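**Student:** Quick note, the sequences are listed as chains P and X, same order. For the first sequence, full-length UniProt numbering gives the first residue as 1, with consecutive numbering after it. For the second sequence, full-length UniProt numbering gives the first residue as 1, with consecutive numbering after it.
For the record, the hints were derived by calculation from the structure and aren't laboratory data. Keep in mind that this is a model prediction, so the values were computed, not measured. Glycine included, C-beta positions come from ideal geometry on N, C-alpha and C. Careful, some of the hints might be misleading.
Distance ranges between label pairs, derived from CB positions [claimed, not checked]:
id, chain 1, residue 1, chain 2, residue 2, range
1, P, Gly126, X, Met1, 18 to 28 Å
2, X, Ala108, P, Gly126, 32 to 42 Å
3, P, Tyr141, X, Glu8, 27 to 37 Å
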Amino acid sequence: MSALYRHNDAVKPASAPYGFEVTLEASPDAVCAALGHIRAELARHRLSKENLEVIELVMAETLNNVVEHAYAGAPQAGLIGVRGTYSGEDLRLRITDIGKPMPGFTLPAGKPFKRHEIADVLPEGGFGWGLIRLLSCNLAYSRMGDMNLLTLRIPLAAG
Amino acid sequence: MKLSTRTEGQLQIISVMEDRIDAAVARAFKEAMRDMVEHAPPGVILDLGQVSFIDSSGLGAVVATLKLLPPGSKLSLAGLTPAVDRVFRLTRMDSVFSLFPTMDAAMAGPATA
């Protein structure tokens, strides 16, 4: 699992504010490895289990979207940049890649979830943006030259 | 993808022996489940007690499993850890699957009816 991601940790204060920066290869395995690394780092800063789980889920959804869409069909795995800042009350994320832009240069709406009764009509995908929108706020997307820039804030529960 | 299956009476119990059902393994999960549930009895319980993380890809794979069941079979999910339970509830999939905190509760639940 070497060189799948690189972690730049110049300073490691014992508590908030805490920042991290990770560059990873755009592949499902590298996303999984990076998530494990970031979770372990954040756990050292006394984030609750619930907060760690929510952060991991939002990061998994955003990073896998880059893997599956921005770099879809790319001849070789691209890179994803992740910068996170933990304030104690929230985690701000800045995610960059140089894959394809979002369709229409705008964020997918993420359909609101509704109750389903009949299994045959259930969707098997499209849950990702719905989850991101439920668990984060201040979502913003911009295309800067060849780069996609996604920023968001994950509010964290006390304790 | 490690899964184990056993039959208890009219119930098929499939245990996921992994700690994650995520984008990296969703396809393998779905393929493994396809073989396991092909001749499933009316009641199937998916034991998720070892799974500490699921993402939207993993959720899609579990939903796909539901559609692979023979007509009339019911799928219950048992032993959901908090992170897994959260994903099913946020996406309102708790309206489709019967969710049980423990295997014992699942075995006494709707899948047995």
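**Student:** A separate judgement is required for each hint: does it hold in the structure or not?
**Tutor:** To see whether the hints hold, each was checked on the structure:
Here the CB-CB span from Gly126 (chain P) to Met1 (chain X) is close to 23 Å, well matched to the stated 18 to 28 Å. At roughly 34 Å, the beta carbons of Ala108 (chain X) and Gly126 (chain P) sit within the given window of 32 to 42 Å. With their beta carbons about 50 Å apart, Tyr141 (chain P) and Glu8 (chain X) fall outside the hinted range of 27 to 37 Å.
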